[in-house]
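Engineer: Generate coordinates for the entire structure from the input sequences, incorporating the hints supplied.
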Amino acid sequence: MRQVTGLTSTYSSDEFGICSALFELGGLVVMHDASGCNSTYTTHDEPRWYDMDSMVYISAVSEIEAIMGDDDKLIRDVVSAARELKPRFTALIGAPIPYMIGTDLPAVAGIVEEETGIPSIGFPANGMGLYTKGISMALAAVTERFAQGETGRSREPSMNVIGLTPLDFSLNGTAESIWRWAEALGFRRGACMAMGSSLDEISRAGEAHVNLVVSYGGLEAARILERRYGTPWIAGVPFGKAFAERLGQLVLEAAGTGGREMAAYRSVPRAGAAGRDPAPNPARDAARGKESPLLVVGESVYSASFAAAVELELNIPTRVLCPVDTEDVLLREGDRRTPEEDDLIEAFRGAERVAADPLFRQLVPETAEFFDLPHEAFSGRIYDRVNRNMVDVPLDGFIFGGTKAPRGKGPRG
Amino acid sequence: MNQNALKIAVYGKGGIGKSTICSALSLALAERGLKVMQIGCDPKADSTMSLRAGRRLPTVLATMRERKDDFSLEDVCLEGAGGVICVEAGGPLPGLGCAGRGIITALEKLKAKGVYGRYSPDAVIYDVLGDVVCGGFSMPMRSGFADRVYIVTSGENMSIYAAANIASAVRNFGERGYAALGGFILNRRDVENEREKVLALCGDFDSEITGELPLSEKIREAEARGKSFMELFPKSEEAECVRALSRAIFT
Ligand SMILES: Nc1ncnc2c1ncn2[C@@H]1O[C@H](COP(=O)(O)OP(=O)(O)OP(=O)(O)O)[C@@H](O)[C@H]1O
Ligand SMILES: [Mg+2]
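Here the protein sequences line up with chains A and B, keeping their order.
If you're matching positions, the first sequence starts at 703 in the working numbering and goes up one per residue.
If you're matching positions, the second sequence starts at 499 in the working numbering and goes up one per residue.
A couple of the hints might just be wrong.
As the list claims (entries may be wrong) - Here are the simulated lysine to aspartate or glutamate pairs, DMTMM-like style, with alpha carbons at most 20 Å apart:
#1 K566/B / D1044/A
#2 K611/B / D1030/A
#3 K566/B / D1030/A
#4 K566/B / E1029/A
#5 K607/B / E1029/A
#6 K566/B / D1045/A
#7 K566/B / E1042/A
Everything labelled a hint here was simulated from the structure, so no lab data went into it.
Nothing here was measured: the structure is a model prediction, and the numbers come from that model.
Structural biologist: Structure below.
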């Protein structure tokens, strides 16, 4: 059945993608939605909620306000809250109710800005889009609005990381590992969009020599910086030794020559392709005999980087299945979009090896080997215990430590 | 998109003659060599019928329901008389769904598919359903769509009342940067003191009668024959009225 998720979970929504991307930037973030929706976000999608202050609110729109299209109430509430809290910006986020009644949030934001003098952005989210779209909208809007003005390149080479949120990367140290990798290449830390950087740092994003796009959500922002400052971008996450090295080379080249924009993994030949024969390794060679590819499920840049790392290092063929928003430029040939649960069920038929969020186990044949890649945007905190920073996990150990995964079992330690 | 393109939205009470006037105006602008696009924003999807000899076009929303995003502009933008590009937003069945939301979705989809760049029209006319009864019907006057709103009215009280409502909405939306009121179009029903009544309405909104059309047998006849009177009676007084209107709107 189309557009039905009967056996697994659903991904986080566009609303929450926006909240997540804006969480650390000092803005007054208001979801224009019925009271209660905030707790969905804070409970399932925001691991920073208890440890970090952020002005994320819900407007608590009522039935009668919705029917009467009472935008004035929203405007008054936001204006008075903004006067009190003095945020760096305000963000008004759409949800199912304003979507259905056609609330023009960009126009409402314009009025709020007029009245408060605080930069205000209206987001036409509707709660039906995916978090990937939300992150993309939010980072693009922040970049468009704040990363402007004349600026030269920093004296030392520096890098921005764009598209980093707990929804795709959790709080398991991946962010820090990416920065360490960048520093080892000789880059100074630029802005991170959007974990660990202030709005001021982001507004100087034009100084960086190169942008590393680590998820679909960062692509649009990187394109804006490319148009505005001519900054090249490279997409990829430095998983595995060999792929991290290759990604590093491409990033250095791009930073040096202002070279070409691309997803680093797209240049990785498929496993088994001629001309590549890594040194003998019994475990790997045993695996190589198998024809069935490792299916990697998840966000495109994350999954395709991971897949490329596995191919380069272990010479195991892979295929990425991407259930969330992406573009062809962020997938390798042969990778697929699988927006529907049915697409995945079909793709899993006969699969022998799958790396995916543990909740997908329900769909995978019992005989298949299953590798846990918990994805916060899909299963929230359920698998926190097994959610590892994959940049630091040696791939051999990960893949060859996989187990047959019987259905219905909870997370393994 | 042609930067100086004329983008207008035509509103007015149900049945007052919006679609008749929009189609005639499209043809009058096309006569002047302009590339015109007429977008019907009404679930009835009958705005462009007289430009297409009564042939229906696949509406944007029906096409979306069937094919999601998997269609091209050519599937929903069809040429009609005078080379006018005809588009119908469409909408749910009467009594179901949400027509207003439908208008928003259809116009956003057209924009996302780059309709204004692809056809680069010199004039875009949005023909909008009856009264502005919910958020969706203000879509054509939101930023990025029409720049000016024209309201069709006769001297009948109900029509003037509806026109005043719409004009107030336009005024209230002023602070949002929506379209401005361009003026009123008088479509005569020959009621007593018709002109005076409409002029009084204009006074209330600091506006004017931009153009005017007589109550006409020819217009009825043309409708019965499934064409615009501009095509069937190009030399008529009625056609001249529309040409004058077209010059008043777009010099
Ligand atoms: N000036 C006129 N003289 C005679 N008949 C007219 C005139 N203007 C419009 N009509 C007729 O009035 C009827 C309604 O016109 P039309 O469909 O253009 O109105 P509308 O405002 O678009 O209606 P709706 O609100 O239903 O979309 C049609 O039969 C049309 O031929
Ligand atoms: Mg009509």
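Engineer: Is K566/B close enough to D1044/A, meaning Cα to Cα at most 20 Å?
Structural biologist: Roughly 17 Å separates the two Cα atoms, so the pair holds.
Engineer: Holds or violated: are the alpha carbons of K566/B and E1029/A at most 20 Å from each other?
Structural biologist: 17 Å, holds
Engineer: Check whether the Cα positions of K607/B and E1029/A lie no farther apart than 20 Å.
Structural biologist: At roughly 18 Å apart (the allowed maximum being 20 Å), E1029/A and K607/B satisfy the hint.
Engineer: With a cut-off of 20 Å on the C-alpha distance, tell me whether K566/B and D1030/A pass.
Structural biologist: Given that 20 Å is the threshold and the Cα spacing comes to 18 Å, the pair holds.
Engineer: When you check the alpha-carbon spacing of K611/B and D1030/A, does it fall within 20 Å?
Structural biologist: 18 Å, holds
Engineer: Hinted pair, alpha-carbon criterion (20 Å max): K566/B, E1042/A. Please report holds or violated.
Structural biologist: 14 Å, holds
Engineer: With the threshold set at 20 Å, check whether the alpha-carbon distance from K566/B to D1045/A stays at or below it.
Structural biologist: Status holds; Cα separation ~17 Å.
In this structure, every one of the numbered hints holds.
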